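Please work from the sequences and hints to get the whole structure.
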Amino acid sequence: MACRQARRSLVVGLYDRQGVLRFVGSTTQACLDYAELFEIPLAPCSLQSLPEPGVIRIRSRRRLGVHSN
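In the working numbering, the protein residues as written are 3 to 71.
Pairwise CB distance ranges (calculated):
1) ARG61 to ASP35: 40 to 50 angstroms
2) ASP18 to ARG61: 31 to 41 angstroms
3) LEU12 to CYS47: 14 to 24 angstroms
4) PRO55 to GLN31: 18 to 28 angstroms
5) GLN31 to SER62: 37 to 47 angstroms
6) VAL13 to LEU44: 12 to 22 angstroms
7) GLN31 to ILE60: 35 to 45 angstroms
8) VAL22 to ARG61: 33 to 43 angstroms
9) VAL13 to SER62: 22 to 32 angstroms
10) LEU39 to LEU12: 12 to 22 angstroms
11) LEU23 to ILE58: 18 to 28 angstroms
12) ALA32 to ARG61: 36 to 46 angstroms
13) GLN20 to SER62: 37 to 47 angstroms
Everything labelled a hint here was simulated from the structure, so no lab data went into it.
Keep in mind it's a predicted model, so treat the numbers as computed, not measured.
Each residue gets a CB set at the ideal place from its N, CA and C atoms; glycine is no exception.
The following block contains the structure:
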């Protein structure tokens, strides 16, 4: 039986001083490069690790019947 290891990828977000997410990158350096490219001052910004995106499964609704008014 083969065992599959879960691969965790780091996702980093760059937020400006108003708390708006400006960029999402796979590394902190990618966020810093983005800030430099668009001349975003880093002093009022923050870098935060973001949770890895997940899949949400929604059960389909069964049709119970047609109602007429």
